[in-house]
Each structure stands twice: as structure tokens, then as C-alpha cells.
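Asker: Using the sequences and the hints, build the whole thing.
Mapping of the sequence shown onto my numbering: residues 1 to 476, in sequence order.
Since the hints were derived computationally from the structure, they do not count as laboratory data.
Heads up, a few of these hints could be off.
Calculated pairs, DSS-like style, for lysine-lysine (alpha carbon to alpha carbon, straight line, at most 27 Å) [said to hold, decoys possible]:
1) 416 - 394
2) 399 - 293
3) 241 - 36
4) 365 - 419
5) 346 - 336
6) 313 - 365
7) 313 - 36
8) 346 - 313
9) 118 - 394
10) 399 - 346
11) 279 - 336
12) 198 - 241
13) 127 - 168
14) 365 - 342
15) 118 - 416
16) 365 - 399
17) 241 - 293
18) 394 - 365
19) 36 - 293
20) 346 - 272
21) 293 - 341
22) 36 - 198
23) 313 - 342
24) 313 - 331
25) 419 - 346
26) 272 - 341
27) 342 - 36
28) 168 - 198
29) 399 - 65
30) 342 - 399
31) 241 - 346
32) 399 - 313
33) 346 - 293
34) 293 - 336
35) 313 - 272
36) 346 - 365
Ranges of calculated distance between the beta carbons of each label pair, as one might list FRET restraints [said to hold, decoys possible]:
37) 381 - 418: 23 to 31 Å
38) 157 - 112: 27 to 35 Å
39) 380 - 234: 42 to 50 Å
40) 398 - 234: 44 to 52 Å
Heads up, the beta-carbon is just placed ideally off N, CA and C, and yes, glycines get one too.
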Amino acid sequence: MPRRKALTNNNNAGESEQQPPKAKRARIAFHLELPKRKTVLGNVLVCGNGDVGQLGLGEDILERKRLSPVAGIPDAVDISAGGMHNLVLTKSGDIYSFGCNDEGALGRDTSEEGSEAKPELIDLPGKALCISAGDSHSACLLEDGRVFAWGSFRDSHGNMGLTIDGNKRTPIDLMEGTVCCSIASGSDHLVILTTAGKVFTVGCAEQGQLGRLSERSISGEGRRGKRDLLRPTQLIITRAKPFEAIWATNYCTFMRESQTEVIWATGLNNFKQLAHETKGKEFALTPIRTELKDIRHIAGGQHHTVILTTDLKCSVVGRPEYGRLGLGDVKDVVEKPTLVKKLTEKIVSVGCGEVCSYAVTEDGKLYSWGSGVNNQLGVGDGDDELEPIVVVSKNTQGKHMLLASGGGQHAIFLIKADKQDQKENVPVKASTSSSSKKNKTPPQDDAAEEVKEESAQEPTPKKAKKPAAKRGGKKK
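Answerer: Here it is, written out as C-alpha cells:
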């Protein structure tokens, strides 16, 4: 047994000999600032399949092989494609939605015939800073740091609900009393980053994407049922620093530590889409420490991941079929991040559909590659593209592309508007915490800011048909 340290007795000591108590060092609280809303104005374009109104061109327009403009959305600054719906954020913080609303993903009333097939405003209790969309759910971050969500999550058994109370067809406050600064949606899970650097997850956990449940609990069949799935709960990594950035792919979650910049990943890894080995298992139930470095943004589809690094280069990892990696006629799984050599220009933004990928260059060119069966590539035919190809059409000629986001059978794009508002639009409320040297703003995919600085077997994609009102679950 170790000896106890002797206590100092100052009772009989002179004034000069008395030892004053040591002052405690003030602890500086980690704090992230709320993000700034994007400011570069754009016009919305779409392509692909529109059987359920996800093109926003009206209920009679079911397909677009090339990029076509969507009317009725003023001053768009950000976009997000869900499985069969879309969100568009405007410079004033309003959100437009269009597409499939079977489970409430549009967040608004669509009882009027055809109203889901055209962009309309969502009624929110405040102005939004950023947006995210999954297969059947949507979310936004408001100026005061509240996260609102609507729609539903799904698992292999079908509809899970958004909360334990079921679907939510209008926005609800998902993290009452917590100030958040970033959100990211997978197909059926949502990742939330707070200003304190804590990560919360909610939704389907079957592929390990929540990163905080045992194998027995991921199906919702444990003692607590689905309660642990449908309540946002903190994802804790022992001895990890506070987090400063989050990303989500269809079935994966990625997080970056502050200070160390270590990237942690959890979720489906059957084609090495986590960019790290999981010792024979097809998924990681809890976060694993990857070797990814200098990450600017991460996007991904069903079985692949696209990685944008701070030197503005694009790498890929995962399943190669149908050309989704852009590496040519590759047959074997790509287990480590591999540079897409055909992308020789500086890349400022990347995006993915389920089986396709997109990249936007610093000078505004759009590249697409992967499965073309639903015309998501926007190149005018249904052929697969094994390597990146420049997307050119009358609506992109001489224009500067800003962002690209792929859904299940469609894609949405933001192209720079000819007329720009010169005033900054960043109405973010003042921080609620005291100033600190560790204050940071979470990094964002800011191509729209014109950056000048540095499971299993998958069936062959088929031509999309109009789905039934409720879609079936998915396999691991």
C-alpha cells in the first residue's frame, strides 16, 4: 500500500513560513461557434427520375436526362437531396421542400393534389442556417442552435417513426435545451454536433451507424426497445477530445476530434467504406480510429465513400461496381483511400448518390461518375461512367457550379446565379458562452463560398418505378 503524503502543519509556523493554498487553474471550456449561412446565391437544377415529384417540376415531369432548372425558389444558397425528396435553403433562412411525402419528409401539408411535386415553404419557428435530408427524414439547424427534424426513420422491418411517438409530419425540436452547431443525415440516421463538442446520434442502428449500442440493442429488440434508438443520445469515446466536425454517409458516421484532428468512423464496412479494417466484421458498432488525415469533407453512398482533403484532392474507397469510385474498370474492393487521378483540377465540393458520385472544381466545373441507369449523372444517357466526366448542358454552359447532392434516383445541383446580393447574410445570434481561445466554427462544405484558399449483395441498379406508399426495409 503506497505511503500517504504527509500533511503540512502551519499552525505553529511564522507568517513568512506559512504556505498559501495554490490557486486553481481556470478551466477553459471548449466551445464551437454556430456556422454562418452560405451567402453565394444560386439557381436550382435537377436531373434523374421524378416519379414521386422529387424533380420539383410538377407531377407530369417524370424524368430529366440533363440538368433542368427548378422554378419558384428565390435566392437559394444550399441544397440537400434525400432518398426521394429535396430541401433547399435560401439566403433569408427559409427552407423549400419537394418530392415524396409519404412519411412526412417534406415537413408541410401536401393534401392539395400535385403540391408535393413543386417547391413550397416549410413553416419553421425560426430561420435556418443549414439543412440535411435522409431517405424519409429531414432536419435543419436554426440560428439559435436548435435542431428541428421531421419525417421518419426506417429499418429493415419498415417505419420506425421519428420519435418513440411515431412519424412527425411537421418540424419538432429534437434537442430541447441544447445548443447545436452542425447536423448530418444518413439514409436513416441523424448526427448532431453541439457547441460543446459533443456528438449525438438518433435513428436506425442496424449497421452500427449510431456508434453507441450493443449488437443486441441495434435492432431495437433489447430491454428498452426502440427508445434508445429514437432518442438523441451522446456518442462517447473514452479519452477522446471534444469533436469539431461530423459527416454522414448512407450507413456510416464520421467525426473529427479537435486538436488532434483524428477521424473516428462507425457503421457499415462490408466494402471497407469506413476506410479502415474492422477485423472480419461487416460493420463497426462503436467508433474506430482511422488513419484519415487533413479532411475537408466526406460524402458517401450505399457502399462507397468520397473523401475531400484540405489540399483539394479527391480520394475514394469502397465498392467499385458501376463505376461509382471513378477509378476505371476496377473489379476488386478498394480498401484504402485512392486518389481519383482523372480529377486533376482543384476540387472544392463532393457529393454522392447511392451508386454515383459528384465533384465540383474550384473554377465551377461539375464532374459526375458511376451508375447512370436513372440519369442521375446528368450527361444525357443512361450509361454508367467508370471515370469522371464533365457535365455539360445548355443550363450549365458558361455557368459556375456550386454544389451537387445525389438522392436514390435523382440529383439536385446549385449553380451560381448571375445576380448576387453583395450584402452578407449571416444573422447568427451571439454565442451564449464566454470567450475562449478554443472557440471554433465547424468546417463546412463551402464550395458555394467560392473558396480560393487552401451488406451484402447489392442488386444491379434498375430503372426506377413508382414506389408504393411505404417502402420496404433494407438489408445490412
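Asker: Broken hints, numbered, in rising order?
Answerer: Violated: hints 2, 27 and 31.
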